[in-house]
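Chemist: Protein sequences, first through last, are from chains A and B. The first sequence begins at 1 in my numbering and counts up by one. The second sequence begins at 461 in my numbering and counts up by one.
Since the hints were derived computationally from the structure, they do not count as laboratory data. Keep in mind that the hints are not guaranteed to be accurate.
Said to hold, decoys possible - With a straight-line Cα cutoff of 25 angstroms, these simulated DMTMM-like cross-link-like pairs (lysine to aspartate or glutamate) come out:
| # | chain 1 | residue 1 | chain 2 | residue 2 |
| --- | --- | --- | --- | --- |
| 1 | A | K331 | B | E871 |
| 2 | A | K386 | B | E472 |
| 3 | B | K623 | B | E469 |
| 4 | A | K385 | B | E469 |
Said to hold, decoys possible - Here are a few chain A residues that sit away from chain B, every Cβ distance over 10 angstroms (derived from the structure):
| # | residue |
| --- | --- |
| 5 | E9 |
| 6 | I27 |
| 7 | Y189 |
| 8 | T264 |
Yeah, the Cβ is synthetic: ideal placement off N, Cα and C, and Gly gets one too.
The residues making up each chain are set out below.
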Amino acid sequence: MLDPRIINELKGIVGAGNVATDMAALICYSYDATQQQFLPEVVVHPASAEEISRILRLANRELIPVFPRGAGSGFSGGSLPTKGGIVLTTERMDRILAIDQENLVATVEPGVVTEQFQQAVEKVGLFYPPDPASLKFSTLGGNVAECAGGPRCVKYGVTKDYILGLEVVTPTGDIIVTGGPTMKGVVGYDLTKLLCGSEGTLGIITRIVIKLLPLPEAKKTMLVLFDSIDGAAKGVSAIVGAKIIPTTLEFMDGRTLDCVRQATGLQVPDAARAVLIIEVDGDREFLDKQANRIAEIIAPLGVVETRIATTPEESEALWAIRRAVSPSLRKVNPDKFNEDICVPRSKVPEMIRKVDAISAKYGIPIVNFGHAGDGNIHVNVMIDKKVPGELAKAEQAIEEVFKGALELGGTMSGEHGVGIAKAPYIPLEITPQTATYMKALKKALDPNNILNPGKIFLDS
Amino acid sequence: MAKLKDLEELREEIEQCVKCGACRAHCPVFGAEHREGRVARGKIALSKAVLDGAVGFDAKVVEDLSQCLLCGSCWAQCPNKVPTEEIVAAARRRIAEEQGLSSFGKGVAAVIGRPKLMNLLAKTGGALSSLLFEKLPENSGLRLRFPAPYLDAGRTLPPLTSKPFRERVPEVIEGAPGQPTVAFFTGCGINYMYPAIGEAFVKALQFLGVTIIIPKDQACCGLPAVSAGAGKTVEQLAEQNLEALNRRPVDFVVTACASCNAGLGKIYADMGPEFAELAKKTQDIFVFLASHGLPEKLAALPKPTRRVKVTYHDPCHLRTRGITKEPREILRALPQVEFVEMEAAGTCCGLGGTYSVYHYENSKKIGAKKAGFVAASGAELVATDCPGCIMQLQDSINHAGGTQRVVHILELLAEALPERPLSP
Numbered sequence: 001m002l003d004p005r006i007i008n009e010l011k012g013i014v015g016a017g018n019v020a021t022d023m024a025a026l027i028c029y030s031y032d033a034t035q036q037q038f039l040p041e042v043v044v045h046p047a048s049a050e051e052i053s054r055i056l057r058l059a060n061r062e063l064i065p066v067f068p069r070g071a072g073s074g075f076s077g078g079s080l081p082t083k084g085g086i087v088l089t090t091e092r093m094d095r096i097l098a099i100d101q102e103n104l105v106a107t108v109e110p111g112v113v114t115e116q117f118q119q120a121v122e123k124v125g126l127f128y129p130p131d132p133a134s135l136k137f138s139t140l141g142g143n144v145a146e147c148a149g150g151p152r153c154v155k156y157g158v159t160k161d162y163i164l165g166l167e168v169v170t171p172t173g174d175i176i177v178t179g180g181p182t183m184k185g186v187v188g189y190d191l192t193k194l195l196c197g198s199e200g201t202l203g204i205i206t207r208i209v210i211k212l213l214p215l216p217e218a219k220k221t222m223l224v225l226f227d228s229i230d231g232a233a234k235g236v237s238a239i240v241g242a243k244i245i246p247t248t249l250e251f252m253d254g255r256t257l258d259c260v261r262q263a264t265g266l267q268v269p270d271a272a273r274a275v276l277i278i279e280v281d282g283d284r285e286f287l288d289k290q291a292n293r294i295a296e297i298i299a300p301l302g303v304v305e306t307r308i309a310t311t312p313e314e315s316e317a318l319w320a321i322r323r324a325v326s327p328s329l330r331k332v333n334p335d336k337f338n339e340d341i342c343v344p345r346s347k348v349p350e351m352i353r354k355v356d357a358i359s360a361k362y363g364i365p366i367v368n369f370g371h372a373g374d375g376n377i378h379v380n381v382m383i384d385k386k387v388p389g390e391l392a393k394a395e396q397a398i399e400e401v402f403k404g405a406l407e408l409g410g411t412m413s414g415e416h417g418v419g420i421a422k423a424p425y426i427p428l429e430i431t432p433q434t435a436t437y438m439k440a441l442k443k444a445l446d447p448n449n450i451l452n453p454g455k456i457f458l459d460s
Numbered sequence: 461m462a463k464l465k466d467l468e469e470l471r472e473e474i475e476q477c478v479k480c481g482a483c484r485a486h487c488p489v490f491g492a493e494h495r496e497g498r499v500a501r502g503k504i505a506l507s508k509a510v511l512d513g514a515v516g517f518d519a520k521v522v523e524d525l526s527q528c529l530l531c532g533s534c535w536a537q538c539p540n541k542v543p544t545e546e547i548v549a550a551a552r553r554r555i556a557e558e559q560g561l562s563s564f565g566k567g568v569a570a571v572i573g574r575p576k577l578m579n580l581l582a583k584t585g586g587a588l589s590s591l592l593f594e595k596l597p598e599n600s601g602l603r604l605r606f607p608a609p610y611l612d613a614g615r616t617l618p619p620l621t622s623k624p625f626r627e628r629v630p631e632v633i634e635g636a637p638g639q640p641t642v643a644f645f646t647g648c649g650i651n652y653m654y655p656a657i658g659e660a661f662v663k664a665l666q667f668l669g670v671t672i673i674i675p676k677d678q679a680c681c682g683l684p685a686v687s688a689g690a691g692k693t694v695e696q697l698a699e700q701n702l703e704a705l706n707r708r709p710v711d712f713v714v715t716a717c718a719s720c721n722a723g724l725g726k727i728y729a730d731m732g733p734e735f736a737e738l739a740k741k742t743q744d745i746f747v748f749l750a751s752h753g754l755p756e757k758l759a760a761l762p763k764p765t766r767r768v769k770v771t772y773h774d775p776c777h778l779r780t781r782g783i784t785k786e787p788r789e790i791l792r793a794l795p796q797v798e799f800v801e802m803e804a805a806g807t808c809c810g811l812g813g814t815y816s817v818y819h820y821e822n823s824k825k826i827g828a829k830k831a832g833f834v835a836a837s838g839a840e841l842v843a844t845d846c847p848g849c850i851m852q853l854q855d856s857i858n859h860a861g862g863t864q865r866v867v868h869i870l871e872l873l874a875e876a877l878p879e880r881p882l883s884p
């Protein structure tokens with residue numbers, strides 16, 4: 001419990017109605033999508049960079065940890081108040097400040113919900129491509145802090161590829177500006193890229209300058225069933241090899257397909273052991289041509305069936321199959337560990353084989369789906385925590401999955417971040433020298449270890 | 461015996477919440493006030509904490525649990541289909557059991573403590589006169605919805621009728637041989653505020669030759685009491701309605717109020733086998749009309765030269781039960797109607813049972829959004845299928861300075877059908 005003097009000072013900064021210490025508020029800001037819970041001591045809702053700056057100065061003076069939070073929808077625990085202290089939410093900072101149609105640049109506050117921003121720019125014919133699965137509720141501030149990805153990243157790149165500049169409150173309370181609204185800029189270090197994906201450990205983002213694209217005229221969706229995961233993976237390489245980069249190249253393995261079949265009664269031939277959902281976008285007249293070309297390219301690779309949507313409703317029906325995956329998985333086992341390894345595109349089939357072997361070794365179901373186009377596989381380890389020993393087995397299996405991905409030149413996390421969920425495994429991927437370099441940055445910028453302590457590195 | 465679930469019996473459902481946050485995109489209350497306690501995920505976490513003994517029903521916990529419209533929007537989009545509205549309603553019943561109804565909502569206490577209510581009512585010169593309010597049975601949902609002392613003076617409300625609908629019509633209206641027999645469950649809104657909707661209902665069914673039973677002793681469905689956490693009241697009302705509706709054999713129990721439809725069709729369904737039977741027989745009026753050949757008959761009617769632009773608002777209690785097509789089908793088939801779809805037709809109007817009385821400010825914010833969508837649609841009329849929504853939408857449109865009128869689809873239908881006198 002924080003000293004009432006400190007609570008009063010916080011109230012002086014953001015207003016009494018924006019500081020909560022009651023149990024209801026502490027519980028409501030104690031969790032994220034990892035389902036872990038840590039109670040903070042106070043929740044504050046600031047409305048400006050100046051207020052955040054004053055909060056951080058206070059926190060440094062009193063040595064109270066501060067945990068920034070957007071929507072609390074992360075999968076790695078990045079926003080969890082693991083050491084009590086202050087939860088600082090961006091819920092009140094939710095304005096789109098400008099959409100500059102001449103320069104294709106927008107400026108927003110961090111609490112803007114990604115989909116609402118996308119809808120706003122699409123109304124004027126512009127396009128913000130990053131599309132994490134949580135886009136209907138996650139915030140742009142959170143997306144930048146975690147460098148969120150999504151299905152469209154295969155063609156368009158991830159969040160950091162669209163961030164031109166930031167306004168940030170540093171861990172010690174200074175307000176700094178990185179980058180700016182120009183398309184080019186090389187003066188000083190590229191702090192914008194450093195802060196993208198820094199998981200709220202190096203600063204609190206208070207303003208985001210975003211690059212926009214013209215909105216593609218139309219899109220076309222197709223679903224292809226293959227007789228093996230190898231066929232699907234070769235399909236991905238063949239499409240890219242033919243110099244076509246689809247907007248999305250989503251895949252599901254045979255086990256995923258089984259789950260969806262069981263849960264939804266989806267009608268697909270038994271011979272189908274892998275699925276690709278392929279979407280292309282661009283000028284309407286080119287789309288049919290491109291879809292037909294893709295169908296030709298993959299035809300020799302063990303295709304069981306190809307379904308091409310001709311209307312938005314049919315396209316929706318194809319995507320509904322992909323969206324049915326997560327709810328269907330619960331029917332396998334109640335508890336799910338959703339890992340998001342990423343390997344070079346060509347190594348996807350090898351990775352899937354490794355995962356299958358790990359699944360067999362530990363006797364726990366593991367289903368794979370995700371973004372085949374960029375090698376980002378969602379590996380879902382399904383267990384029932386109530387069964388003694390299952391949790392330990394799952395943890396061992398996950399470690400082996402990570403090691404397997406690293407052996408293939410991959411990474412433990414393509415888009416979810418490290419947070420606390422992957423912090424124990426950091427030494428598997430990052431050499432001690434690299435870790436020292438990163439920690440030196442953190443130590444220099446946050447000498448009191450105030451901002452989001454205990455994230456990314458266990459001992460920080 | 462009718463029995464509602466205790467919070468403990470919903471533990472498994474509570475544990476299905478994976479804290480993904482998807483509800484934040486769909487909760488109207490969260491849309492009005494960006495605080496985690498306002499959204500389903502927060503309320504589920506609080507309910508879990510209560511079950512685990514980590515927190516009691518402190519004032520702030522009670523406040524968060526009261527900030528729910530029970531509209532089911534979160535459930536509809538939830539990847540794990542966690543029934544938040546059931547969980548919140550059960551939590552409210554717990555609160556009422558532990559602290560008495562008074563601590564949950566002062567207004568509800570005033571209603572339950574009847575003599576006090578009457579005294580207060582007599583002193584208020586607001587929208588509802590005490591004289592008319594006396595006509596409401598003590599257990600009418602309207603009393604829970606509109607405990608007069610807590611009504612905002614700026615709210616537009618329809619006057620209570622001097623002659624309730626069920627006193628205007630006989631208990632049995634014979635139809636043509638070979639046609640089905642239905643019981644009309646009128647609900648309080650139609651009975652006390654909008655008798656014209658009831659009369660339109662009768663006209664529509666007579667047009668098809670259906671025999672209509674309108675049991676005099678039917679009561680409130682109980683939904684406002686669900687919202688207020690008055691569990692015992694819900695159970696008593698359910699039993700009274702079961703008896704009233706089972707007295708004569710009927711093929712269907714038909715409602716023209718989305719809330720009553722959810723009350724009988726969903727809330728009752730879990731209360732015991734005979735209630736499940738009743739729930740199964742319950743049908744929305746437009747589902748009934750659409751499956752009994754009305755659209756084809758309407759197509760044969762002459763078309764007027766000037767048609768009126770009408771949009772449709774989906775009441776939550778129909779939308780979340782999958783009833784969205786049939787009301788539109790009837791609307792589109794009406795000869796005098798030019799149907800236009802509005803943006804966000806399926807978002808809550810902001811009434812939410814007792815919600816709008818206790819949280820009128822948030823309710824107005826939610827309503828204002830809706831009024832904006834109505835205006836943007838270019839419609840002259842908003843048609844819907846729920847007296848509660850009609851009242852709230854009209855209030856929201858009036859506050860926004862709009863000119864659109866809100867009507868029940870049945871009123872438009874009655875206008876289109878050839879005249880035929882009510883049977884004696």
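Chemist: Which hint numbers doesn't this structure obey?
Modeler: 1, 3 and 6
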